[in-house]
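Trainee: Taken in sequence, the protein lines are chains A and B. The UniProt record's numbering puts the first residue of the first sequence at 1, with every later residue one more than the last. The UniProt record's numbering puts the first residue of the second sequence at 1, with every later residue one more than the last.
Among these hints, one or two may not hold up.
For identical chains, the list gives no copy identity; a pair is met inside one copy or between any two copies.
[As the list claims (entries may be wrong)] Simulated pairs of lysine to any residue, SDA-like, Cα-Cα distance not exceeding 20 Å:
| # | residue 1 | residue 2 |
| --- | --- | --- |
| 1 | Lys269 | Ile74 |
| 2 | Lys132 | Glu8 |
| 3 | Lys269 | Asp198 |
| 4 | Lys132 | Thr166 |
| 5 | Lys160 | Leu263 |
| 6 | Lys160 | Asp259 |
| 7 | Lys132 | Thr168 |
| 8 | Lys132 | Lys160 |
| 9 | Lys269 | Leu246 |
| 10 | Lys160 | Pro129 |
| 11 | Lys343 | Ala250 |
| 12 | Lys329 | Tyr265 |
| 13 | Lys160 | Asn130 |
| 14 | Lys329 | Gly377 |
| 15 | Lys160 | Met128 |
| 16 | Lys343 | His95 |
| 17 | Lys269 | Gln258 |
| 18 | Lys132 | Val67 |
| 19 | Lys132 | Gly170 |
| 20 | Lys329 | Arg389 |
| 21 | Lys132 | Pro352 |
| 22 | Lys343 | Ala220 |
| 23 | Lys132 | Pro162 |
Bear in mind the hints are in silico, worked out from the structure with no lab data behind them. Everything numeric in this text was worked out from a predicted model, so none of it was measured.
There are 2 protein chains.
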Amino acid sequence: MTRIAIPEDSLFGLANLPYGVFSAPGAAVPRVGVRVGESVVDLTVLDDVFAAPSLNPFMEQGHTRWVEVREQVIELVSDDVPDAAVYSVDAVALHMPFEVADYVDFYASEHHASNLGRLFRPDSEPLMPNWKHLPVGYHGRAGTVVPSGTDIVRPSGQRKAPSDTTPTFGPSRRLDIEAEVGFVVGTGSSFGTPVSADDFDERVFGVVLVNDWSARDIQAWEYVPLGPFLGKSFATSVSPWVVPLLALEAARVATPPQDPEPLPYLLEKNPWGLDLELTVSWNGQVVSRPPYREMYWSPAQMLAHMTVNGATSRTGDLFASGTVSGPAKDQRGAFIELTWGGKEPIEVNGQPRTFLEDGDEVVIGATAPGPSGSRIGFGEVRGRVLPAR
Amino acid sequence: MTRIAIPEDSLFGLANLPYGVFSAPGAAVPRVGVRVGESVVDLTVLDDVFAAPSLNPFMEQGHTRWVEVREQVIELVSDDVPDAAVYSVDAVALHMPFEVADYVDFYASEHHASNLGRLFRPDSEPLMPNWKHLPVGYHGRAGTVVPSGTDIVRPSGQRKAPSDTTPTFGPSRRLDIEAEVGFVVGTGSSFGTPVSADDFDERVFGVVLVNDWSARDIQAWEYVPLGPFLGKSFATSVSPWVVPLLALEAARVATPPQDPEPLPYLLEKNPWGLDLELTVSWNGQVVSRPPYREMYWSPAQMLAHMTVNGATSRTGDLFASGTVSGPAKDQRGAFIELTWGGKEPIEVNGQPRTFLEDGDEVVIGATAPGPSGSRIGFGEVRGRVLPAR
Numbered sequence: 001m002t003r004i005a006i007p008e009d010s011l012f013g014l015a016n017l018p019y020g021v022f023s024a025p026g027a028a029v030p031r032v033g034v035r036v037g038e039s040v041v042d043l044t045v046l047d048d049v050f051a052a053p054s055l056n057p058f059m060e061q062g063h064t065r066w067v068e069v070r071e072q073v074i075e076l077v078s079d080d081v082p083d084a085a086v087y088s089v090d091a092v093a094l095h096m097p098f099e100v101a102d103y104v105d106f107y108a109s110e111h112h113a114s115n116l117g118r119l120f121r122p123d124s125e126p127l128m129p130n131w132k133h134l135p136v137g138y139h140g141r142a143g144t145v146v147p148s149g150t151d152i153v154r155p156s157g158q159r160k161a162p163s164d165t166t167p168t169f170g171p172s173r174r175l176d177i178e179a180e181v182g183f184v185v186g187t188g189s190s191f192g193t194p195v196s197a198d199d200f201d202e203r204v205f206g207v208v209l210v211n212d213w214s215a216r217d218i219q220a221w222e223y224v225p226l227g228p229f230l231g232k233s234f235a236t237s238v239s240p241w242v243v244p245l246l247a248l249e250a251a252r253v254a255t256p257p258q259d260p261e262p263l264p265y266l267l268e269k270n271p272w273g274l275d276l277e278l279t280v281s282w283n284g285q286v287v288s289r290p291p292y293r294e295m296y297w298s299p300a301q302m303l304a305h306m307t308v309n310g311a312t313s314r315t316g317d318l319f320a321s322g323t324v325s326g327p328a329k330d331q332r333g334a335f336i337e338l339t340w341g342g343k344e345p346i347e348v349n350g351q352p353r354t355f356l357e358d359g360d361e362v363v364i365g366a367t368a369p370g371p372s373g374s375r376i377g378f379g380e381v382r383g384r385v386l387p388a389r
Numbered sequence: 001m002t003r004i005a006i007p008e009d010s011l012f013g014l015a016n017l018p019y020g021v022f023s024a025p026g027a028a029v030p031r032v033g034v035r036v037g038e039s040v041v042d043l044t045v046l047d048d049v050f051a052a053p054s055l056n057p058f059m060e061q062g063h064t065r066w067v068e069v070r071e072q073v074i075e076l077v078s079d080d081v082p083d084a085a086v087y088s089v090d091a092v093a094l095h096m097p098f099e100v101a102d103y104v105d106f107y108a109s110e111h112h113a114s115n116l117g118r119l120f121r122p123d124s125e126p127l128m129p130n131w132k133h134l135p136v137g138y139h140g141r142a143g144t145v146v147p148s149g150t151d152i153v154r155p156s157g158q159r160k161a162p163s164d165t166t167p168t169f170g171p172s173r174r175l176d177i178e179a180e181v182g183f184v185v186g187t188g189s190s191f192g193t194p195v196s197a198d199d200f201d202e203r204v205f206g207v208v209l210v211n212d213w214s215a216r217d218i219q220a221w222e223y224v225p226l227g228p229f230l231g232k233s234f235a236t237s238v239s240p241w242v243v244p245l246l247a248l249e250a251a252r253v254a255t256p257p258q259d260p261e262p263l264p265y266l267l268e269k270n271p272w273g274l275d276l277e278l279t280v281s282w283n284g285q286v287v288s289r290p291p292y293r294e295m296y297w298s299p300a301q302m303l304a305h306m307t308v309n310g311a312t313s314r315t316g317d318l319f320a321s322g323t324v325s326g327p328a329k330d331q332r333g334a335f336i337e338l339t340w341g342g343k344e345p346i347e348v349n350g351q352p353r354t355f356l357e358d359g360d361e362v363v364i365g366a367t368a369p370g371p372s373g374s375r376i377g378f379g380e381v382r383g384r385v386l387p388a389r
């Protein structure tokens, strides 16, 4: 038996307990585990539902069961754990933690939407007339949501600079990131039935970090009128640990004031945002610290909007916030904003940089307040750029 | 034993043999069958892979196996078939024929794109500068792709007429259809690896009819800048029979001339379109006959474009053509075009009509040339509008 050591300042203490899917050394079949300190505990010792390569079967069991299991996990890891169920986090391989059903990407940061509006449409008002009335969003490609650590091959596609008369084909020259927060739907809702904003806690299982890789040149040429497509669909990376919503009580904060008041279906009894502090590291250097608390639209408003037309939601649906950007320059969550469309390079390890070069590595991390002044970690979403094929 | 009668002029003769998922009377578990004349033959007599509630396991087996099984099916149904494997098509329940992985909707008709451009953006050029360079498309919601016969609850959402100062919430007042053709990916392609246009036949299993229900008022207010979202995501209906690509050799036709010549990755050795004749019936009256042969972008160009950035494709991916509209008014595949944004009502059963009213039923059907002057049927995709909840 093993007693798991949890350093007092660990970001993965008993107040966190995120779930992930891992392979033990030499084991062929992935299963669900929980992270505690620097250990991963195999949860099949609790329930066979965890003998699966994704969290979906457990998430389908619903909110009551999530609460029960969380209590059981706290009890399990607070006492001696069978040796065979405990692994060092450095010894296991981490996989995609859930099977993505539909993937939706929102655009919920006023700072990001305003910056992108200025950059993509310099001659118009930066915010569209609809932006403060509804959380603007669109569907992305579920099949290319990949786990942290997956290498990202630079995408090729059609690009046309304003000065070109026709488009050319080739590797993206403006490869970018978007630092986002993603919400994982645990229990779905049926065809034709909207989910109320106040039902968020019942429905949403947990939170991951998202890097929504973006080829800005491909996107700029293709996106009118039906929205981003190939500029985004080549890859979206997520962090391997799903932090349960149940661990984020202390991280809840008020959302910024919303003016005009949203329509009634977007109102919450107790509006809340999340006080996540993100970090964006570019080749090891932190270049931005986007504050999630600045996001205009709340997570519950996004879910209510996404289903208000009766759209089905399913276990494994992932909806992401859109780029998290704060008001300050060093709080911007995309390089196109940080470098103002490439015109204002930033210094990374002593070099002036704009968009991503082959070999670059980006790591997005986050922490949030836990109980009694502690902090909770989200781990990281990491990805390295490989040359175009 | 039963010898299946196939009337000489049947749209479901030996040259067609579409696959679907059905429940026999009293049977709980759906399985895969093939349609022959007015019969459905249970294919579990051939292979256990058909004892599944979707075509996905069979499609995953790949092109060589699709060819083999097609030959086996022709042999099977040309001889006496065990009684227990034969059902009248009227006696069975038909289900969603495959599990949708990602759903993409293109915009491949020049007539449709031009008409919509004039209606949505009356002060600009109807076709965007990118339109003739790439097949414009976007991701839709896989979780709300539903089988023919599913009732469609009128969606509610935000709508704002140009004369309104703020949006209001309520049931869509401009509920519409889009008559489309959908392509079902049988074998996927891996992360980072584009699919060449010439590999279409290896990858794509078959063809379905699609009704991409559209709430034009919700769409008009939300779609800038990230594209259609809730105006489309409430429901997309597909026909229950997947017509194998192998049945459509005689239906191949040249595509319309493309000017300018597309970039090399969009070129095919033998460019081909499909000579499907669609019909759109509104409460029993045929109001439009959209000709698929008029589509500007070919099916193989859509697949090549969708994956050129390295996006993974998967078994069960559905990509639809976008509304099929021909040059003539009675060849338009959406009511917003047929009635010119509601300003030119058409007569349906003696009444002037614009958008869909509660209780309306829309049926989209299609046929295509088969061998030796015969015709092949696609069955139909049917849906009725229920009042908003």
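Trainee: Now, for every hint given, state plainly whether the structure supports it.
Mentor: Hints, verified against the model:
1. Lys269 x Ile74: This pair counts as neither: shortest intra-copy Cα distance 30 Å, inter-copy 62 Å.
2. Lys132 x Glu8: neither (43 Å within a copy, 61 Å between copies)
3. Lys269 x Asp198: within (7 Å within a copy, 55 Å between copies)
4. Lys132 x Thr166: between (35 Å within a copy, 11 Å between copies)
5. Lys160 x Leu263: Classified as between; 13 Å across copies, 39 Å inside a copy.
6. Lys160 x Asp259: Intra 37 Å, inter 18 Å, cutoff 20 Å: inter-copy only.
7. Lys132 x Thr168: between (36 Å within a copy, 13 Å between copies)
8. Lys132 x Lys160: between (31 Å within a copy, 14 Å between copies)
9. Lys269 x Leu246: Within one copy only: 19 Å inside, 56 Å across.
10. Lys160 x Pro129: Classified as between: cross-chain Cα gap 11 Å, same-chain 27 Å, threshold 20 Å.
11. Lys343 x Ala250: neither (40 Å within a copy, 55 Å between copies)
12. Lys329 x Tyr265: Neither: 34 Å inside a chain and 39 Å across chains, both beyond 20 Å.
13. Lys160 x Asn130: Answer is between: at 9 Å across copies they meet the 20 Å cutoff, but 28 Å inside does not.
14. Lys329 x Gly377: So lysine 329 and glycine 377 fail the 20 Å test inside a copy (24 Å) and across (60 Å) alike.
15. Lys160 x Met128: Between copies, since 13 Å is at most 20 Å while 24 Å is not.
16. Lys343 x His95: Neither: 37 Å inside a copy, 54 Å across copies.
17. Lys269 x Gln258: within (14 Å within a copy, 55 Å between copies)
18. Lys132 x Val67: Classified as neither; 35 Å inside a copy, 54 Å across copies.
19. Lys132 x Gly170: between (37 Å within a copy, 18 Å between copies)
20. Lys329 x Arg389: This pair counts as neither: shortest intra-copy Cα distance 34 Å, inter-copy 45 Å.
21. Lys132 x Pro352: neither (36 Å within a copy, 37 Å between copies)
22. Lys343 x Ala220: within (16 Å within a copy, 34 Å between copies)
23. Lys132 x Pro162: Only across copies: lysine 132 and proline 162 sit 17 Å apart there, 30 Å inside one copy, limit 20 Å.
Hints 1, 2, 11, 12, 14, 16, 18, 20, 21 from the earlier list are contradicted by this structure; the remaining hints agree with it.
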